[in-house]
Amino acid sequence: MQQDEIYARLTKVLRDVFDDDTLVATPELTANDVKEWDSVNHITLVVAIEEEFGIKFKTAELEKMKNVGHMVEQIEKKTAA
Amino acid sequence: MQLNWLPLREDWDSLLRSVKELPIAEAAPVLRELAGSRMDFAQMGKLDRVLVRLAAGSAGGAIPGLERVRLAILGSATISHLPPGIRVAGLRRGLQIEVYEAPYGMYWQELMDAGSGLHEFRPEVMLLALDARHVAGAEGSSVASALELMRACWRQARTAFSCQVLQQTVMPVFPDLMGDNEQRLEQSPAAIVAGINERLRPESEPEGVDLLALDRFSAAEGLDFWYQPDIWHRSKHEVHPRATSVYGDHVARLIAAGRGRSAKCLVLDLDNTLWGGVIGDDGLEGIVLGQGNGTGEAFVDFQRYALGLSERGVILAVCSKNDEKNALEPFEKHPEMVLKRSHISCFVANWTDKAANLRQIAKTLNIGLDALVFADDNPVERALVRRELPMVGVPEMPEDPAGYGPTIAAAGYFEGLKITEEDRARSRLYQANAEREMLKESVTDMGSYLESLRMTMTAQPFDSVGLTRVTQLINKTNQFNLTTQRYTEAEVAALMRNPKAITLQVRLVDRFGDNGIIAILIARAAGAEAEIETWLMSCRVLGRNVEEACLNVLVERCVAQGVHRLMGVYRPTEKNGMVREMYRNLGFEAAGEEEVGETRWMLDLDGYVPRPVAMQVEVVREATV
Chain A
2 MQQDEIYARL
12 TKVLRDVFDD
22 DTLVATPELT
32 ANDVKEWDSV
42 NHITLVVAIE
52 EEFGIKFKTA
62 ELEKMKNVGH
72 MVEQIEKKTA
82 A
Chain B
118 MQLNWLPLRE
128 DWDSLLRSVK
138 ELPIAEAAPV
148 LRELAGSRMD
158 FAQMGKLDRV
168 LVRLAAGSAG
178 GAIPGLERVR
188 LAILGSATIS
198 HLPPGIRVAG
208 LRRGLQIEVY
218 EAPYGMYWQE
228 LMDAGSGLHE
238 FRPEVMLLAL
248 DARHVAGAEG
258 SSVASALELM
268 RACWRQARTA
278 FSCQVLQQTV
288 MPVFPDLMGD
298 NEQRLEQSPA
308 AIVAGINERL
318 RPESEPEGVD
328 LLALDRFSAA
338 EGLDFWYQPD
348 IWHRSKHEVH
358 PRATSVYGDH
368 VARLIAAGRG
378 RSAKCLVLDL
388 DNTLWGGVIG
398 DDGLEGIVLG
408 QGNGTGEAFV
418 DFQRYALGLS
428 ERGVILAVCS
438 KNDEKNALEP
448 FEKHPEMVLK
458 RSHISCFVAN
468 WTDKAANLRQ
478 IAKTLNIGLD
488 ALVFADDNPV
498 ERALVRRELP
508 MVGVPEMPED
518 PAGYGPTIAA
528 AGYFEGLKIT
538 EEDRARSRLY
548 QANAEREMLK
558 ESVTDMGSYL
568 ESLRMTMTAQ
578 PFDSVGLTRV
588 TQLINKTNQF
598 NLTTQRYTEA
608 EVAALMRNPK
618 AITLQVRLVD
628 RFGDNGIIAI
638 LIARAAGAEA
648 EIETWLMSCR
658 VLGRNVEEAC
668 LNVLVERCVA
678 QGVHRLMGVY
688 RPTEKNGMVR
698 EMYRNLGFEA
708 AGEEEVGETR
718 WMLDLDGYVP
728 RPVAMQVEVV
738 REATV
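Here the protein sequences line up with chains A and B, keeping their order.
Add 1 to a position in the first sequence, counting from 1, and you land on the number used in the numbering used here.
Add 117 to a position in the second sequence, counting from 1, and you land on the number used in the numbering used here.
Possibly wrong hints are sitting among the right ones.
When the alpha-carbon atoms are kept at most 25 angstroms apart in a straight line, the in silico DSS-like pairs for lysine-lysine are as follows [to be verified]:
1. K593/B - K692/B
2. K480/B - K692/B
3. K692/B - K36/A
4. K65/A - K353/B
5. K57/A - K13/A
6. K13/A - K137/B
7. K353/B - K67/A
8. K57/A - K353/B
9. K36/A - K137/B
10. K442/B - K480/B
11. K59/A - K353/B
Worth flagging that the hints you see were computed from the coordinates, not collected in a lab.
With these hints in hand, go ahead and build the complete structure from the sequences.
Set out below in structure tokens:
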């Protein structure tokens, strides 16, 4: 899957989960930039992304993710497999 | 995978967006329709946010057209992801469920501390959701100590709130230490979980606790869907977030069942629903039903499922586009038919549209349209009924008839909590009722019709034998109900011991059979005056002077207690318009009206002349137990 497509689909997931139609997935975006992005919603977001792309993250992978850019790299790797 | 019985809506997202612009009265029914359609996990969250915002923005927090219920969830791990699924599932059933979450892990403190948020919230329903590690995974865990802990919580909840208590059974999350014979290792967490779940079944019963059978439905759907150990380790979510819509639906159906909102009647289509093929075209020999053919056996299996429902009190009806003669033929002549004509309380086969026929069925059986579930293989018919009668339950039926029964079971429309003898007999009763309707058509004079029924009414104070049925009737009667006041079983039992309370449970027998308990009256005496707090009646016995006969008995009981004036009150709801004028019709005088449409009535008992009735009346003065 191309990165463009991943970013577009991720944008939709972010908007759905955080109920904010102004959100755009960018490489630098982190939890600190989104008011609603707390630890509870983080779980919701991860599950929503897993459902959207039909993938599953390992706990260790999630712990290493620092921003949306890292997340997209992981999604790219997993959907290519 | 989840909520597969709900229909898909292409316009789901745009419809939800449009709701945000609507005033609350118009938004509410649209939201309910959205809740009744299939949605994914993210959509569920969005719908819940709109719902919560709508309630927050309305006067008193109420959403019009929904019944409000306060639910408290007490858990030992993360529960903050559970409320959206519960609220949305409540909306699906006409309930506005307000959820209180006890702080993380604080279930015991919240229960015991009279100053806690839980006590302030005063739950009407309490869900105890203890995770497997909490009850079975610690050093020294045992089946007995887990049961002891749960029982202590139930009793505390009962004492403090007299509320419905739901106990979640334990999710089987532990890997086996032994294997298929895990039970042989007493200290195995997996064996302890199995042991707790086994003991919960009999032990919840005498405590009046209803189980949320998480162990059963998570197994049915596959434990992997319900529980993922990595999510548990990360954030202590035992129920996986993607399973919360199904979890919420199970919670909501138990709450709805406790409030008399389960469906009462399964309406069946015939061609390609009860048998394969079209009876009018294929004929008796041509339809596919029974042995020697997988499809034919699947139809037999579905008929068996429907019969099982009927035997536990669900009414069966038929609604088919057919000539009646053709439609009846398999019931009368096909050797493989499990369902007989006698199992069907109302049989409608004609060429009128199905929405009109469903209205007729509800009317004939004297139940609300929202008590019907309509099973039809034809998507066009299903769509028509959903559009015309959104209150009727219309499950998406799978293409293969092998899935019909499991789909209706999974949808939980008929969620049941209690079994009474009368549940089992009810199906036969409604059937006899339909025959009575036919008799009414052939006898034109009302008086002679009533005489011909040869009725005997028995009125007696509440007793422990009738307690379950009395409570059930109090909590599910919506139409003929003057005050719609609900009571828990404990509250009903308390009335039995109260010398100031005049209680009547009324039974009616006629030539077609025993109708069981069909009316309940509760009055409280204070000096020379008594007030009727509850008066309700089953609509099955409307138009038979039962109201008059009940009043005669009540007056007699009041006079015996030294009462001279009887007060009545009518409290309007969406459903009880039929009794607005009841007190006037029974000779009461108007005694005031409140703003909300509540009316008060007064009857002078000095010189009361018993009203004429066309039945034998037997009065039992003392409770037998």
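Hint check results:
no. : hint            : in the structure
1   : K593/B - K692/B : 12 angstroms, holds
2   : K480/B - K692/B : 14 angstroms, holds
3   : K692/B - K36/A  : 44 angstroms, violated
4   : K65/A - K353/B  : 20 angstroms, holds
5   : K57/A - K13/A   : 19 angstroms, holds
6   : K13/A - K137/B  : 19 angstroms, holds
7   : K353/B - K67/A  : 22 angstroms, holds
8   : K57/A - K353/B  : 18 angstroms, holds
9   : K36/A - K137/B  : 22 angstroms, holds
10  : K442/B - K480/B : 23 angstroms, holds
11  : K59/A - K353/B  : 16 angstroms, holds
In this structure, the one hint that does not hold is number 3.
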